[in-house]
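There are 2 protein chains.
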Amino acid sequence: MPDPVNVYEIGSPEFNAFFKRMRERADAGGSPTGDVNSRLLARVRESGDSELTQFAQQLFEGLHPYAEATVERILDLVARQGDVALTQLTRVFDGYPLTSATIRVSQKDLDALAQKADPELLDVCRRDVLPRLMRFHERQRQESWQLEERGGSVGIRVQPLQRVALYVPGGKAFYPSSLMMAAVPAKVAGVKEIAVFTPPGALEQTPLLAALLKELGISEVYRLGGAQAIAAAAFGTEKVARVDKIVGPGSEFVALAKRMVFGRVDIDNVAGPSEVVVLFDGSANAAWVAADMLAQAEHDELAAAVGVTDSAEAAQAVVAELAKQLASLPREATARRSLQNFGGIVVAPSMGFGIRFADTLAPEHLEILTEQAEQHAAQVKNAGAIFVGPYAPEAFGDYCAGPNHVLPTVGTARFASALSVGDFLRQVSIIRGSAELLAANRQTILKLARAEGLEAHARSVELRS
Amino acid sequence: MPDPVNVYEIGSPEFNAFFKRMRERADAGGSPTGDVNSRLLARVRESGDSELTQFAQQLFEGLHPYAEATVERILDLVARQGDVALTQLTRVFDGYPLTSATIRVSQKDLDALAQKADPELLDVCRRDVLPRLMRFHERQRQESWQLEERGGSVGIRVQPLQRVALYVPGGKAFYPSSLMMAAVPAKVAGVKEIAVFTPPGALEQTPLLAALLKELGISEVYRLGGAQAIAAAAFGTEKVARVDKIVGPGSEFVALAKRMVFGRVDIDNVAGPSEVVVLFDGSANAAWVAADMLAQAEHDELAAAVGVTDSAEAAQAVVAELAKQLASLPREATARRSLQNFGGIVVAPSMGFGIRFADTLAPEHLEILTEQAEQHAAQVKNAGAIFVGPYAPEAFGDYCAGPNHVLPTVGTARFASALSVGDFLRQVSIIRGSAELLAANRQTILKLARAEGLEAHARSVELRS
Numbered sequence: 001m002p003d004p005v006n007v008y009e010i011g012s013p014e015f016n017a018f019f020k021r022m023r024e025r026a027d028a029g030g031s032p033t034g035d036v037n038s039r040l041l042a043r044v045r046e047s048g049d050s051e052l053t054q055f056a057q058q059l060f061e062g063l064h065p066y067a068e069a070t071v072e073r074i075l076d077l078v079a080r081q082g083d084v085a086l087t088q089l090t091r092v093f094d095g096y097p098l099t100s101a102t103i104r105v106s107q108k109d110l111d112a113l114a115q116k117a118d119p120e121l122l123d124v125c126r127r128d129v130l131p132r133l134m135r136f137h138e139r140q141r142q143e144s145w146q147l148e149e150r151g152g153s154v155g156i157r158v159q160p161l162q163r164v165a166l167y168v169p170g171g172k173a174f175y176p177s178s179l180m181m182a183a184v185p186a187k188v189a190g191v192k193e194i195a196v197f198t199p200p201g202a203l204e205q206t207p208l209l210a211a212l213l214k215e216l217g218i219s220e221v222y223r224l225g226g227a228q229a230i231a232a233a234a235f236g237t238e239k240v241a242r243v244d245k246i247v248g249p250g251s252e253f254v255a256l257a258k259r260m261v262f263g264r265v266d267i268d269n270v271a272g273p274s275e276v277v278v279l280f281d282g283s284a285n286a287a288w289v290a291a292d293m294l295a296q297a298e299h300d301e302l303a304a305a306v307g308v309t310d311s312a313e314a315a316q317a318v319v320a321e322l323a324k325q326l327a328s329l330p331r332e333a334t335a336r337r338s339l340q341n342f343g344g345i346v347v348a349p350s351m352g353f354g355i356r357f358a359d360t361l362a363p364e365h366l367e368i369l370t371e372q373a374e375q376h377a378a379q380v381k382n383a384g385a386i387f388v389g390p391y392a393p394e395a396f397g398d399y400c401a402g403p404n405h406v407l408p409t410v411g412t413a414r415f416a417s418a419l420s421v422g423d424f425l426r427q428v429s430i431i432r433g434s435a436e437l438l439a440a441n442r443q444t445i446l447k448l449a450r451a452e453g454l455e456a457h458a459r460s461v462e463l464r465s
Numbered sequence: 001m002p003d004p005v006n007v008y009e010i011g012s013p014e015f016n017a018f019f020k021r022m023r024e025r026a027d028a029g030g031s032p033t034g035d036v037n038s039r040l041l042a043r044v045r046e047s048g049d050s051e052l053t054q055f056a057q058q059l060f061e062g063l064h065p066y067a068e069a070t071v072e073r074i075l076d077l078v079a080r081q082g083d084v085a086l087t088q089l090t091r092v093f094d095g096y097p098l099t100s101a102t103i104r105v106s107q108k109d110l111d112a113l114a115q116k117a118d119p120e121l122l123d124v125c126r127r128d129v130l131p132r133l134m135r136f137h138e139r140q141r142q143e144s145w146q147l148e149e150r151g152g153s154v155g156i157r158v159q160p161l162q163r164v165a166l167y168v169p170g171g172k173a174f175y176p177s178s179l180m181m182a183a184v185p186a187k188v189a190g191v192k193e194i195a196v197f198t199p200p201g202a203l204e205q206t207p208l209l210a211a212l213l214k215e216l217g218i219s220e221v222y223r224l225g226g227a228q229a230i231a232a233a234a235f236g237t238e239k240v241a242r243v244d245k246i247v248g249p250g251s252e253f254v255a256l257a258k259r260m261v262f263g264r265v266d267i268d269n270v271a272g273p274s275e276v277v278v279l280f281d282g283s284a285n286a287a288w289v290a291a292d293m294l295a296q297a298e299h300d301e302l303a304a305a306v307g308v309t310d311s312a313e314a315a316q317a318v319v320a321e322l323a324k325q326l327a328s329l330p331r332e333a334t335a336r337r338s339l340q341n342f343g344g345i346v347v348a349p350s351m352g353f354g355i356r357f358a359d360t361l362a363p364e365h366l367e368i369l370t371e372q373a374e375q376h377a378a379q380v381k382n383a384g385a386i387f388v389g390p391y392a393p394e395a396f397g398d399y400c401a402g403p404n405h406v407l408p409t410v411g412t413a414r415f416a417s418a419l420s421v422g423d424f425l426r427q428v429s430i431i432r433g434s435a436e437l438l439a440a441n442r443q444t445i446l447k448l449a450r451a452e453g454l455e456a457h458a459r460s461v462e463l464r465s
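Protein chains in written order, with our numbering: chain P, 1 to 465; chain C, 1 to 465.
The hints are simulated quantities; they were obtained by calculation from the structure and are not laboratory data. Please note that the accuracy of each hint is not assured.
Copies of the same chain look alike in the list, so a pair counts if it fits in one copy or across any two.
[As the list claims (entries may be wrong)] Within a straight-line C-alpha distance of at most 35 Å, the following computed DSBU-like cross-link-like pairs (lysine-lysine) qualify:
| id | residue 1 | residue 2 |
| --- | --- | --- |
| 1 | 20 | 214 |
| 2 | 381 | 187 |
| 3 | 324 | 381 |
| 4 | 172 | 447 |
| 5 | 108 | 20 |
| 6 | 20 | 116 |
| 7 | 239 | 324 |
| 8 | 214 | 324 |
| 9 | 381 | 108 |
| 10 | 447 | 116 |
| 11 | 324 | 108 |
| 12 | 447 | 381 |
| 13 | 192 | 324 |
| 14 | 447 | 239 |
| 15 | 381 | 116 |
| 16 | 324 | 187 |
| 17 | 116 | 324 |
| 18 | 447 | 20 |
| 19 | 214 | 192 |
| 20 | 447 | 192 |
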């Protein structure tokens, strides 16, 4: 069997090709829908529902075979037809008989489902995970402040957002940890209205979701998934009040819809595929390095697990460990493809070189398993989260270390940060005037306003003196 | 002469139509380019430059007559052809003979231009404005922190962005105050590389720009405007290193380009037209209310100046003052059209009603000239900046009160805040492990990882015990 991952020497032609592939990974666009649309339309026709067939024809008519086009059409339908579009779209895409009466999940249904959650798992979340997340995020609270001066003052009033949507994907894509990571900062910020959107059937399939929502004090839940959920949250309909911000991961349709409604509402970053860079030297335990790379590679085929080292020998030891550990992994096939696509071990002439290479990738997760882990961490410029030392595997941060696991992906750590309490707060500027304070600044304002040709600005101050 | 502004009673059909117009103002899209493209092409042909003519034909070939299409084409050309596209696009759109050698402004040119600035104006900026802005923004600095636990720790390391672009519009659109408002938070955050992009000729037309840049310690300046400037900043070319974030206002092309490159780089909010809501009661000086509305209306025809009051009498007094003050205003025509388009005085049954109406607009600026200004300010939910009391005209905040005048427009104050030091910082999560800390969390991680079907995550922790 060939090695599960390639080893590249920095600067070699193979390394350059690998580097190019990593950069292009960030630019992947929306994908063709193929014949999905015609299959969906055929399924609707077979159902014999003439109203729904008419709707589906309108939906798919003249549509370009790209995901973007479908998402644009969905947004437009929800904006114009409200709940009618929501129920029909859910019938078409989810095959679920949604009515305007069942768009929102009743409290009774939520309570009944919450009862069915695995009590041991719920207990771990309630006793261990949530308190650790709360403690970390409470440290991110922000205080209002003001600077007083001549009877007036200037300052910042910190306020929570009024109303936010959490998108929670359904089925196998539902991760209890992701729900907690999105909800905790919103709760700590003091957001009063938190509305959850999740595809129909998701609650029934994963009762833990209902139990966690109850634990978090969230009771407004909609049976809506995909682009139609994002449209409902952004525009509002008869049954769904529009929100101020939408957070949470989802399918390609969800990601595209979030990007399109951005500006009308706020969104968290559009989540790309996940990645880890593991910096290691000869002192690192090769089995641990390999295990951490596999924990990333098992996510999906687009995940990237990259080792970076100054030791060719250590690199080979990790390759051998990867081969060994892969053999017994339940998600072996996914992990293998991920390693082939975007995996690699890069051998650099020094750790300094290696860190500069890692900086160009600006990885979501950066682990440092080197003898001088602290010094190396201090040199890193671009990373979403840094895991320092051998006892900080990414999985610790994924679940319960405390920091948020919603992190900037595919190089956006150059400018973006983890989801935080600040994402759910606003800073309102407060300017309190006084006759004395205004008089002290009068000449400055007049001079600048007139230099900018804004005479009415100048007069609004002149009148007051 | 008819009244310069309408008075609406809340709930009346006229009010409802006004309210609808205000909401639609937020949704204005890209505009048709009309025959601009063919006129530009004709101008290039007349120049007799065959290379440029060929480029312009490629640029405009088969282009849909909408601004979006032109901007998409410009981005694509710069991404593929780099500096060649930059110089040719500048020749086409700005009619300026840019070469790859003159894309960047030399230090000698900058110094010579700085000498020509109006010394009195520069002095006001240096002695009064910049120190006030610095003092306010320094209060926004953020500290790194960590929580220690069982030999490990979790925390946040605060880091400035590496490299940002400030876009500075040219000619009449250049406002010295806007340059200071964009540069000060970047400097306070500690951004090392600040690159300025401004259309060719802008520095020559406004030498104060060069002098302010010198004062701010910024020496990397490019003769690039429009969508090509944004493309250069976002993608990088031979002469321009790509940045991590782009801030600053610009033309429609600039706004569209910023929106399109968002995700690849960060951007500040896409600036929409400006607005003010003035809350006033019978105690307010009608002349001051009118002057503040005019200071907004003089900006441009899309600016919105809205008065909100509980007194029909006070409303009429403001209408009379508007008519009187308009007559002598240099930008009377613009202010009149703005008041006709999006101006109005809304009479509410109580100030409480009025405040709730203001909240639905979520205005960029909210002034409160009422007897109980403090209490009313406390009730406001959505506003970019609140100006409390009769001696806090918006113009004070526009120039030198301290808070940033780059504020969320057209209703985005529901979820967005003023430009701040935080916009130029990143929060990197730091997780330091220890054998004891990991062991204490082992069972929690294993339980959750296996519930999520991520066996490799579980094993990465198990291996370490």
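Status of each hint after checking the structure:
1. 20 - 214: Neither. Shortest intra-copy (46 Å) and inter-copy (38 Å) distances fail the 35 Å Cα cut-off.
2. 381 - 187: For residue 381 and residue 187, both the intra-copy (31 Å) and inter-copy (18 Å) Cα distances are at most 35 Å.
3. 324 - 381: Only inside one copy: residue 324 and residue 381 sit 33 Å apart there, 58 Å across copies, limit 35 Å.
4. 172 - 447: between (63 Å within a copy, 17 Å between copies)
5. 108 - 20: Classified as neither: same-chain Cα gap 53 Å, cross-chain 38 Å, threshold 35 Å.
6. 20 - 116: So residue 20 and residue 116 fail the 35 Å test inside a copy (49 Å) and across (47 Å) alike.
7. 239 - 324: neither (54 Å within a copy, 48 Å between copies)
8. 214 - 324: neither (43 Å within a copy, 60 Å between copies)
9. 381 - 108: between (50 Å within a copy, 33 Å between copies)
10. 447 - 116: Answer is between; shortest inter-copy Cα gap is 18 Å, intra-copy 70 Å.
11. 324 - 108: Cα proximity of residue 324 and residue 108: none, with 50 Å in one copy and 63 Å across.
12. 447 - 381: Intra 42 Å, inter 34 Å, cutoff 35 Å: inter-copy only.
13. 192 - 324: neither (50 Å within a copy, 46 Å between copies)
14. 447 - 239: Cα proximity of residue 447 and residue 239: none, with 53 Å in one copy and 38 Å across.
15. 381 - 116: neither (46 Å within a copy, 39 Å between copies)
16. 324 - 187: neither (43 Å within a copy, 51 Å between copies)
17. 116 - 324: Neither: 39 Å inside a chain and 71 Å across chains, both beyond 35 Å.
18. 447 - 20: neither (53 Å within a copy, 38 Å between copies)
19. 214 - 192: Within one copy only: 15 Å inside, 47 Å across.
20. 447 - 192: Classified as between: cross-chain Cα gap 31 Å, same-chain 45 Å, threshold 35 Å.
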